Structures are given as C-alpha cells and as structure tokens.
Amino acid sequence: MHPIRQRLQFLFSSTKGLILMAMAMVAVVTALFGMLSGPMAEWGVRDVVVRLLGMKLVQAEREGRIIILYHSIAMAIIAIESYMITGLVKMRPIHRVVVNTGVTAGYLTTMIFGLLFAYWGRLWPFHGLFIAGLTVMFSSGVVLTVALWPWNKEFYIKGPKSEYARTRSGLDLERAAFFAMAATTVVSSTFGAVAGAYFGNGFEAFLAENIIRSPEKTTLEYSVIGHLHIMLALIAIAVTLIIGRWLDFKGLYQKIAMPLMILGVVVLNLGVWGVVTPLEPIAHMIIYMGATPAMLAALMLVIFGFDKLIREGVRGIDRPTFGQKISALTRDPLRFGSLWQMVFMNFTVSGIGILMAVRLDEIFRVWPAREERIELTGHWHVLSAIIATIILFYYGDLTGLKGRLRQWYGWLIIVLSDAAFASVTFFEMKRLFISEAQQQPLVNWLMAGIDFGLGSLLVVLAALMVWRLTDLFKKKGLWTREAAEENLYQVAK
Amino acid sequence: MTRKFASIRRLLFTTLVMAALGMCACGPADVGAPVPVYDTGADTTEWASIPAGEFLEGQHETAVSIDHDYEMMVFLVTYEQYAAYLNDALATGTVRLVDNTIVGHYPGDEFRGARHEVRIDPGDYLHVALNDPALRLEFREHAFTVTPGWEVHPMTMVTWFGAGAYCDQYDWRLPTELEWEKAARGPLDGRESNRPFPWGSEIARNNANYYASRDPFESMSSYGSRTTPVGFYNGKIYGAFATIDSHSPYGLYDMAGNVWQWTGDVHPFEHYRYLRGGSKDTYDMDLRIWVRNSAAPTYASPGVGFRCAR
Numbered sequence: 106m107h108p109i110r111q112r113l114q115f116l117f118s119s120t121k122g123l124i125l126m127a128m129a130m131v132a133v134v135t136a137l138f139g140m141l142s143g144p145m146a147e148w149g150v151r152d153v154v155v156r157l158l159g160m161k162l163v164q165a166e167r168e169g170r171i172i173i174l175y176h177s178i179a180m181a182i183i184a185i186e187s188y189m190i191t192g193l194v195k196m197r198p199i200h201r202v203v204v205n206t207g208v209t210a211g212y213l214t215t216m217i218f219g220l221l222f223a224y225w226g227r228l229w230p231f232h233g234l235f236i237a238g239l240t241v242m243f244s245s246g247v248v249l250t251v252a253l254w255p256w257n258k259e260f261y262i263k264g265p266k267s268e269y270a271r272t273r274s275g276l277d278l279e280r281a282a283f284f285a286m287a288a289t290t291v292v293s294s295t296f297g298a299v300a301g302a303y304f305g306n307g308f309e310a311f312l313a314e315n316i317i318r319s320p321e322k323t324t325l326e327y328s329v330i331g332h333l334h335i336m337l338a339l340i341a342i343a344v345t346l347i348i349g350r351w352l353d354f355k356g357l358y359q360k361i362a363m364p365l366m367i368l369g370v371v372v373l374n375l376g377v378w379g380v381v382t383p384l385e386p387i388a389h390m391i392i393y394m395g396a397t398p399a400m401l402a403a404l405m406l407v408i409f410g411f412d413k414l415i416r417e418g419v420r421g422i423d424r425p426t427f428g429q430k431i432s433a434l435t436r437d438p439l440r441f442g443s444l445w446q447m448v449f450m451n452f453t454v455s456g457i458g459i460l461m462a463v464r465l466d467e468i469f470r471v472w473p474a475r476e477e478r479i480e481l482t483g484h485w486h487v488l489s490a491i492i493a494t495i496i497l498f499y500y501g502d503l504t505g506l507k508g509r510l511r512q513w514y515g516w517l518i519i520v521l522s523d524a525a526f527a528s529v530t531f532f533e534m535k536r537l538f539i540s541e542a543q544q545q546p547l548v549n550w551l552m553a554g555i556d557f558g559l560g561s562l563l564v565v566l567a568a569l570m571v572w573r574l575t576d577l578f579k580k581k582g583l584w585t586r587e588a589a590e591e592n593l594y595q596v597a598k
Numbered sequence: 002m003t004r005k006f007a008s009i010r011r012l013l014f015t016t017l018v019m020a021a022l023g024m025c026a027c028g029p030a031d032v033g034a035p036v037p038v039y040d041t042g043a044d045t046t047e048w049a050s051i052p053a054g055e056f057l058e059g060q061h062e063t064a065v066s067i068d069h070d071y072e073m074m075v076f077l078v079t080y081e082q083y084a085a086y087l088n089d090a091l092a093t094g095t096v097r098l099v100d101n102t103i104v105g106h107y108p109g110d111e112f113r114g115a116r117h118e119v120r121i122d123p124g125d126y127l128h129v130a131l132n133d134p135a136l137r138l139e140f141r142e143h144a145f146t147v148t149p150g151w152e153v154h155p156m157t158m159v160t161w162f163g164a165g166a167y168c169d170q171y172d173w174r175l176p177t178e179l180e181w182e183k184a185a186r187g188p189l190d191g192r193e194s195n196r197p198f199p200w201g202s203e204i205a206r207n208n209a210n211y212y213a214s215r216d217p218f219e220s221m222s223s224y225g226s227r228t229t230p231v232g233f234y235n236g237k238i239y240g241a242f243a244t245i246d247s248h249s250p251y252g253l254y255d256m257a258g259n260v261w262q263w264t265g266d267v268h269p270f271e272h273y274r275y276l277r278g279g280s281k282d283t284y285d286m287d288l289r290i291w292v293r294n295s296a297a298p299t300y301a302s303p304g305v306g307f308r309c310a311r
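Going down the list, the sequences are from chains A and B. Take the first sequence: its position 381, counting from 1, is numbered 486 in the working numbering, and each next residue is one higher. Take the second sequence: its position 104, counting from 1, is numbered 105 in the working numbering, and each next residue is one higher.
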C-alpha cells in the first residue's frame with residue numbers, strides 16, 4: 106500500500122488514529138484562537154494574528170463567533186469520547202464503523218467550515234456546511250445510542266456471578282449508563298438546535314452569561330441556557346464512564362455507582378428539560394436531585410480507583426506505612442491524575458457553586474453583573490479544561506507512555522493545570538477578600554498562574570503532538586502497531 | 002527508578018508551593034500613588050443637545066425612536082463638581098452624614114416579589130462611603146475637598162442613590178438606558194449609524210481608557226488601571242501619549258471606557274440598576290455601545306461614575 110495512504114488509513118480509520126487526529130485539531134484550534142482574547146489581546150498578539158491570517162472580526166458578531174468556536178471544539182471533544190466509547194464498549198462492528206465515520210465527518214465539517222464562516226467573512230455556504238456538520242454529529246449520536254442498546258441479549262453479562270453491576274436477568278448496568286448518557290445527549294442537543302435555528306434565522310446570537318439577570322427570559326432563551334449546561338454535564342459524565350472502563354471499575358463500588366449514575370443522568374436531564382416547561386420554577390431543585398447521585402457515582406469510582414492504585418503499589422509489602430500508601434497512590438500519574446482531577450473539580454467547580462448559592466444575597470444580589478459573569482464563565486471553563494486534562498491522561502496511557510516520560514507528562518499536566526485552575530478559582534472569588542482598588546498585584550499573580558499553567562499545558566500537548574507527528578514519518582513507527590488495534594481496553598464481562 | 006520518579010514529583014510540588022507562597026506574599030496596591038496632572042481643556046459645564054428621532058438600538062440594530070428632545074452632559078460628573086454639590090446638600094439637609102457615610106432619602110420602589118428581586122422600601126440609603134481608601138474626597142472642617150490631582154477625574158465610589166441625588170439637586174436626572182444609548186450611537190442617518198463604539202467601528206488603545214490600554218494613568222504592575230480626567234481622549238497629546246478625538250456623534254466624551262455610568266431606569270421585577278459604557282477595568286468588548294452591566298443601587302466602585310440628563 107502507498108505510504109501516504111497507509112498513514113491516512115491510520116488517522117482516519119483506526120480508533121487510536123482517530124483520537125490522535127481529533128486531539129491535534131483541538132490543539133491547533135485552541136492554540137490559534139486562544140490568541141484572540143484575554144492576555145493575548147492585552148499584549149497585542151491578537152492584532153498581529155488577525156492581520157497575519159486576514160481574519161475579519163466585526164464587533165457586533167463577536168458573540169456569534171464565540172458560539173461557533175465553542176461548538177467546533179465541543180464537537181471534536183464529543184468525537185474523541187465517541188471513539189473511546191466505540192473502542193471500550195462491546196458493539197457490532199458495523200455500528201462502530203458508522204459511528205466513527207459519522208463523528209469524524211461531522212466534527213471536521215463543523216470545525217473547518219464553522220470557523221471559516223465565523224472568522225473569515227460571512228460566506229453563507231460555509232454556514233450551511235457548519236450546520237450540516239452538526240447534523241451529521243447528531244445522526245451519529247443516534248447510531249451510537251442504538252449501538253449501546255442495553256437490552257440486546259448479546260451483550261448481557263452471563264454466568265452465575267459477576268463482579269460488574271447487572272440486573273438479575275444479566276442486563277449490564279454500566280452499558281445502561283452509557284446508553285442513558287448517549288440517549289439523553291441526543292435529546293438534549295435538540296434544545297440547542299431548536300433555539301439555535303430560531304435565533305440563527307434572525308442572527309440574534311447571544312451568550313447565556315449576558316442574559317443571566319434578565320427577570321423575564323423567553324422559553325427559547327431558557328432552552329439555550331439548559332442546553333449548554335446539560336451538554337457540558339453529559340460530556341463530564343461520559344468521561345467518567347470512560348475512565349471507569351479504562352480502570353476496569355468493578356466490585357461493590359461499581360454495583361452501587363452504576364444505578365446511581367443512571368438515576369443521576371435521567372433526573373439531571375429531566376430537570377434541565379424542565380426549564381422549558383411549567384416546571385421551570387423547580388427545575389433547579391430537580392437538577393440538584395440529579396447531580397447528587399451522578400456525583401456520588403463519580404465518588405465511588407474515585408474510591409475504587411484510589412484503592413486499586415494503592416493495593417497495586419503496596420503489593421509485596423506486609424504492613425505498608427501511610428507514606429508507602431501515598432507513594433503507591435501517586436506512582437502512576439496518569440491513572441492517579443484522571444481520578445484526582447475529579448476530586449479537584451469539587452474545589453474549583455462544585456464547591457464554588459455551592460458557596461455562591463449559600464451567600465447569594467450578599468454576592469449576586471449586590472455584585473455587578475460583570476463580576477457574576479467572571480464567576481460563571483470561570484467555573485465552566487475550568488470544568489471543560491478538567492475534562493480535557495482527563496482525556497489527556499487517558500490518551501497518554503493509550504499511546505503507551507512509559508517510564509520517565511510518563512512521569513513528566515502526567516505530573517506536568519496535574520501540576521500545571523491545577524495551578525491554573527486554582528488561580529482561576531481565586532480570580533473568580535477575589536471580591537470576597539480584596540477590593541477593586543487594591544486588587545491589581547493579586548490579579549497579576551493570579552493571571553501569571555493562569556497563563557503560565559495553561560500556556561505550559563499547551564506546550565506539553567504540543568510536544569506530544571510533535572512526537573506523534575514525527576512518529577508518522579517512521580516506517581515502523583508506533584502508528585503501525587496502533588493501526589492494527591481496533592479495541593482499546595475492552596473488558597470481557 | 003522509583004527514586005527518580007519521586008524527584009520529579011518533588012520538583013514539581015516545590016515549584017507549585019513557591020508560586021503559592023509568592024502569591025500570598027503580594028500586598029495590596031498603593032491606592033494613594035501619585036497621579037499625573039494634565040489639562041484637557043474640558044468645560045465640565047457643557048451640555049449636548051440630542052433631538053427626538055430614530056436610532057439603531059442594541060447589538061442587533063433595531064430601529065427605535067425617542068419622542069423627545071433632551072440634553073446630556075458632555076462630560077462625566079467630576080470629583081470637583083460632586084464635592085461642591087455635597088457641601089451644598091449637607092448645608093441644605095438633602096443628604097446627611099451618618100457614621101462616616103453620606104446618606105439620603107429615597108422614596109422606594111414598587112416591590113413585585115419576583116424571583117431574586119430585593120425589596121427597596123422608602124428610607125435612607127448610602128450615597129458615598131467616606132472611609133473607603135479609593136474615594137478621592139476629603140472631609141475636613143465640615144467641608145469636602147478633592148484629593149489634589151483628582152479634581153477633574155470622574156466622580157467614583159458613588160452609589161446609584163448618590164448619583165441620582167446629585168442630578169436631582171439641580172432638577173436634572175440620570176439618563177434612561179435608551180437616552181444613554183442614543184447619545185452614544187448617534188442618529189439613524191445612514192452614516193455609520195450602527196457604529197459599535199461612539200467614534201466608529203474599531204477601537205485603538207488611544208480611543209478610550211480600558212483595561213491595559215497603556216494610558217499615562219495606569220500601571221498594570223502596581224496599582225492597575227485608574228481613571229483618566231474627563232474628556233481626556235480629545236485628540237491632544239499628553240507627554241508621549243497621543244489620544245484620538247473620540248467623542249460620540251452628539252459630541253459627548255467618555256461614552257466608552259473610563260467608568261461605567263449609572264442610568265436612571267427602575268425596571269419592574271428587579272432591584273438591579275443598569276450601567277453603560279464599560280470602564281477602565283474591562284476589556285474592549287465591554288466598551289461596545291449596547292453592552293449592559295447591572296448592580297444593586299447601593300453598589301459603589303472606583304470604576305463607576307455617572308452623568309446627568311435634562
């Protein structure tokens with residue numbers, strides 16, 4: 106076979122190649138478009154990039170551009186998760202091929218044509234292709250849902266005893282959780298699609314954080330707000346399930362976690378869908394009721410995973426000390442990191458949300474809307490980035506990082522990302538402990554933490570991508586082995 | 002091998018701890034740092050006439066009409082003007098000095114019990130807190146004076162009640178959001194009627210005072226962004242800093258950047274009051290004409306000021 110065709114076949118048809126390709130696309134888009142805002146704009150980098158690349162940035166179209174950028178990145182992340190799911194969960198080969206082909210075509214079309222439309226002049230055929238890309242992603246989601254159908258006897262857990270959660274008849278509850286996540290993702294995407302079609306027709310793009318204080322919101326505005334929240338929550342739930350599969354989550358904790366996860370996913374979605382119904386006044390309460398079991402399920406995974414890492418690490422030691430246990434827990438930064446980030450998320454996302462809710466009257470009822478916006482956008486950017494780092498940990502393992510390289514890669518991601526996320530969290534909350542007039546030195550330190558952390562993280566990602574790129578030039582590179590692997594870590598149940 | 006891995010972890014954790022310690026060691030900014038003084042030539046008593054008629058409102062450019070002529074101050078209310086007002090108002094009793102704060106009466110708003118709505122009953126409300134180090138006023142021997150150097154800077158650290166009371170004192174009022182927006186955007190006359198900034202389509206660092214706009218009043222490494230004198234961006238050159246004349250189509254200055262400006266609307270179902278124009282502390286995107294900010298009427302900040310309408 107022609108060498109170029111072989112490599113393209115690896116990138117576009119093998120599971121690991123597809124993941125690599127999507128990660129490279131996200132890395133390029135993040136690096137490029139990250140130069141258009143925040144400190145990069147402050148330092149004048151934005152102006153240079155805009156001039157060099159011939160971008161056309163109309164002031165009134167900023168919100169629309171950002172919406173397209175978010176969707177472009179989100180579709181690539183959903184594609185990566187889909188590849189991981191088709192590689193981890195048993196399904197018919199035809200389903201795997203259709204899903205992988207669909208999401209690849211979908212995210213690439215969405216990303217390429219969406220960004221061309223948004224940043225290089227409004228060429229309408231590109232907008233049409235952007236929508237077409239999203240539609241293909243939706244259709245692939247439907248196929249994935251069908252592929253994950255848990256009542257297919259072929260995929261029941263057989264045998265008298267099992268370490269995995271199942272019903273008495275053998276229904277695999279983890280598969281049911283994947284199915285619930287996929288099915289509700291497909292339904293929830295329509296909450297964005299319907300509202301998007303309406304606002305898009307009138308080209309009245311808006312960012313949800315800018316209408317948060319409107320006392321009267323329309324049903325379609327609620328729909329957009331619900332959509333963005335639930336989609337991010339479902340992406341987080343998907344990555345939790347993926348990590349569970351990677352770590353071979355089983356035993357008592359898994360048997361408790363899976364029913365909780367299914368319940369959480371269903372109730373959480375019902376709550377979010379409720380925002381466009383007369384249930385809107387109590388929708389938040391329903392959402393809390395759904396979020397709690399879902400987060401408890403994630404806690405079960407963390408407990409299981411930590412315990413597993415410690416057991417593996419102290420094997421052969423009669424009476425391990427606390428220090429030896431900690432050392433065992435942190436020996437593999439990739440597996441530890443993926444679980445640690447779920448714990449850390451509680452300090453930077455959930456904890457902040459709870460604190461804000463408790464002190465609502467003295468914070469949001471008084472603070473200016475722009476401060477509230479910082480807190481809102483800050484906490485969901487952190488959640489998105491935490492999900493991205495968890496994917497990076499898993500990918501590091503998938504790509505076979507070992508020894509010192511694995512240590513540097515894993516620990517750099519943990520330390521750099523957490524330094525950045527902690528800085529973002531302090532930045533969001535700064536008004537609680539420093540006045541506007543006195544904040545600048547603190548802001549400078551925090552911004553340095555954010556910029557250094559995220560910037561260095563991108564350098565780590567770039568190093569990984571360069572390594573994989575150079576590998577593609579080798580005749581017998583890592584890619585030749587990965588091309589032959591269809592499944593990732595599928596565990597026979 | 003394990004020892005090597007442990008050293009990697011140790012190195013990274015040490016770096017993190019050092020960074021955290023560095024952050025804890027940073028002190029607050031020097032609020033009293035000296036301020037440069039420039040003569041902008043602004044006549045702070047000037048008013049701009051805005052005729053009735055249509056303009057393009059909002060980001061999505063909806064044609065809206067205002068059915069009355071009105072006037073708005075060409076410049077933001079300055080510290081000098083507010084100090085003079087406070088001395089008058091204290092003498093006539095329209096405001097009172099209570100526990101190091103200036104308070105005044107407000108007749109209250111109708112409370113509709115909407116979600117998140119906070120009740121504003123008739124009573125005395127905060128106008129200015131005198132003990133805030135960011136306030137550029139001094140109260141000595143029963144009279145207010147301005148901290149030297151800040152005389153023609155916009156009055157800040159003033160609540161919505163304090164801003165409204167100033168305008169009331171002279172039988173003026175705060176502009177409505179719609180009036181403010183028309184004054185910034187200009188009439189619907191076909192010539193850049195949809196301009197996103199009061200002066201046109203694009204923004205440069207010498208158009209307005211915004212975050213990290215590098216004006217002579219800011220030092221991002223120490224005290225951060227500070228206000229510029231009213232009407233500073235008038236095409237003059239101040240030392241090495243050349244400004245662009247950035248008035249709105251009706252001739253108003255500082256309609257983008259410098260300080261957020263209180264507007265007068267009391268919207269039903271909410272206690273929030275709305276602010277327009279962006280400030281020294283926001284990125285350029287918040288200086289676009291249609292961008293809204295809101296806060297409780299008791300909120301005060303070094304980045305919030307006002308101007309009056311009549």
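Hints listed in this document are in silico derivations from the structure and should not be mistaken for laboratory results. Because the structure is a prediction, the values reported are computed rather than measured. Worth double-checking, as some hints may not be accurate.
[Claimed, not checked] Far from chain B, some chain A residues (derived; all Cβ distances over 12 Å): (1) Arg-227; (2) Phe-308; (3) Val-471.
[What the hints assert, rightly or not] Residues of chain A placed beyond 10 Å of chain B at every Cβ, according to the derived structure: (4) Ser-142; (5) Glu-147; (6) Gln-164; (7) Arg-197; (8) Gly-226; (9) Ser-267; (10) Glu-309; (11) Asn-315; (12) Arg-318; (13) Leu-401; (14) Arg-470; (15) Gln-543; (16) Pro-546; (17) Val-548.
[As the list claims (entries may be wrong)] SDA-like mimics (lysine to any residue), calculated; alpha carbons at most 20 Å apart, straight line: (18) Lys-535/A x Val-32/B; (19) Lys-322/A x Leu-384/A; (20) Lys-322/A x Thr-63/B; (21) Lys-581/A x Ser-267/A; (22) Lys-322/A x Val-32/B; (23) Lys-161/A x Asp-133/B; (24) Lys-535/A x His-268/B; (25) Lys-322/A x Ala-205/B; (26) Lys-535/A x Gly-201/B; (27) Lys-322/A x Trp-291/B; (28) Lys-161/A x Gly-201/B; (29) Lys-322/A x Ser-194/B; (30) Lys-413/A x Leu-547/A; (31) Lys-535/A x Ala-297/B; (32) Lys-535/A x Asp-133/B; (33) Lys-507/A x Asp-576/A; (34) Lys-322/A x His-69/B; (35) Lys-237/B x Gly-150/B; (36) Lys-161/A x Glu-203/B; (37) Lys-580/A x Leu-221/A; (38) Lys-161/A x Thr-63/B.
Cβ atoms here follow ideal geometry from the backbone N, Cα and C, with glycine treated the same way.
A quick look at each hint next to the structure:
No beta-carbon of chain B comes within 12 Å of the beta-carbon of Arg-227/A; the shortest separation is about 15 Å. Interface exclusion of Phe-308/A from chain B breaks down, the closest Cβ pair being 7 Å apart, not more than 12 Å. At roughly 4 Å, the least C-beta separation between Val-471/A and chain B is not larger than 12 Å, which violates its mark as non-interface. Here Ser-142/A does not stay apart from chain B, with its beta-carbon only about 8 Å from theirs, under the 10 Å limit.
In this structure Glu-147/A is not separated from chain B by more than 10 Å, as the shortest Cβ-Cβ distance comes to only about 4 Å. Listed as outside the interface, Gln-164/A is inconsistent with that label: its C-beta sits roughly 4 Å from the nearest C-beta of chain B, within the 10 Å cut-off. Every CB of chain B is more than 10 Å from the CB of Arg-197/A (nearest about 42 Å), matching its label as outside the interface. Gly-226/A, annotated as away from the interface, keeps every beta carbon of chain B farther than 10 Å; the closest lies near 15 Å.
No beta-carbon of chain B is positioned within 10 Å of the beta-carbon of Ser-267/A; the least distance is around 35 Å. Not every CB of chain B is more than 10 Å from the CB of Glu-309/A (nearest about 5 Å), against its label as outside the interface. Chain B draws Asn-315/A into its interface by the beta-carbon criterion, the shortest separation being 8 Å against a cut-off of 10 Å. Some Cβ of chain B comes within 10 Å of the Cβ of Arg-318/A; the nearest lies about 6 Å off, and the non-interface call is violated.
Against the 10 Å criterion, Leu-401/A stays outside the reach of chain B, whose nearest CB is about 29 Å from its own CB. A cut-off of 10 Å between C-beta atoms contradicts the statement that Arg-470/A is not in contact with chain B; the least separation is 5 Å. The Cβ of Gln-543/A sits about 4 Å from the closest Cβ of chain B, inside the 10 Å cut-off, so the non-interface label is violated. Listed as a non-interface residue, Pro-546/A fails to keep its Cβ farther than 10 Å from every Cβ of chain B; the least gap is roughly 4 Å.
Consistency note on Val-548/A: stated as away from chain B, yet its beta-carbon is not over 10 Å from all of that chain's, at 7 Å minimum. Proposed proximity of Lys-535/A and Val-32/B is supported: the alpha carbons are some 17 Å apart, at most 20 Å. For the given pair, Lys-322/A sits about 14 Å from Leu-384/A by alpha-carbon distance, which is consistent with the 20 Å threshold. Simply put, Lys-322/A and Thr-63/B have alpha-carbon atoms about 19 Å apart, close enough for the 20 Å limit, and the pair holds.
At roughly 41 Å between alpha-carbon atoms, Lys-581/A and Ser-267/A are farther apart than 20 Å, so this suggested pair is violated. For the hint pairing Lys-322/A with Val-32/B, the CA-to-CA distance comes to about 41 Å; that exceeds 20 Å, so the pair is violated. Using a Cα cut-off of 20 Å, the hinted pair Lys-161/A and Asp-133/B is violated, with the two alpha carbons roughly 44 Å apart. A C-alpha spacing of about 29 Å is found between Lys-535/A and His-268/B, which places the hinted pair above 20 Å, so the restraint is violated.
Proposed proximity of Lys-322/A and Ala-205/B is contradicted: the alpha carbons are some 35 Å apart, above 20 Å. For the given pair, Lys-535/A sits about 35 Å from Gly-201/B by alpha-carbon distance, which is inconsistent with the 20 Å threshold. Between the alpha carbons of Lys-322/A and Trp-291/B the distance comes to roughly 18 Å, so the proposed pair stays at or under 20 Å and holds. Between the alpha carbons of Lys-161/A and Gly-201/B the distance comes to roughly 16 Å, so the proposed pair stays at or under 20 Å and holds.
Taking the CA atoms of Lys-322/A and Ser-194/B, the gap is near 28 Å; set against the 20 Å cutoff, the hint is violated. For a cut-off of 20 Å, the pair hint linking Lys-413/A to Leu-547/A is broken: about 40 Å separates their Cα positions. With a CA separation close to 19 Å, the supplied pair Lys-535/A and Ala-297/B stays within the 20 Å bound. For the suggested pair Lys-535/A and Asp-133/B, the alpha carbons sit about 18 Å apart, so the restraint of at most 20 Å is met.
A distance of roughly 16 Å separates the Cα atoms of Lys-507/A and Asp-576/A; the hinted pair therefore holds under the 20 Å criterion. Between Lys-322/A and His-69/B the alpha-carbon distance is near 30 Å, which puts this suggested pair outside the 20 Å criterion. With a CA separation close to 19 Å, the supplied pair Lys-237/B and Gly-150/B stays within the 20 Å bound. Annotation: proposed proximity of Lys-161/A to Glu-203/B holds, straight-line Cα distance about 12 Å (limit 20 Å).
For the suggested pair Lys-580/A and Leu-221/A, the alpha carbons sit about 35 Å apart, so the restraint of at most 20 Å is broken. Between the alpha carbons of Lys-161/A and Thr-63/B the distance comes to roughly 23 Å, so the proposed pair goes past 20 Å and is violated.
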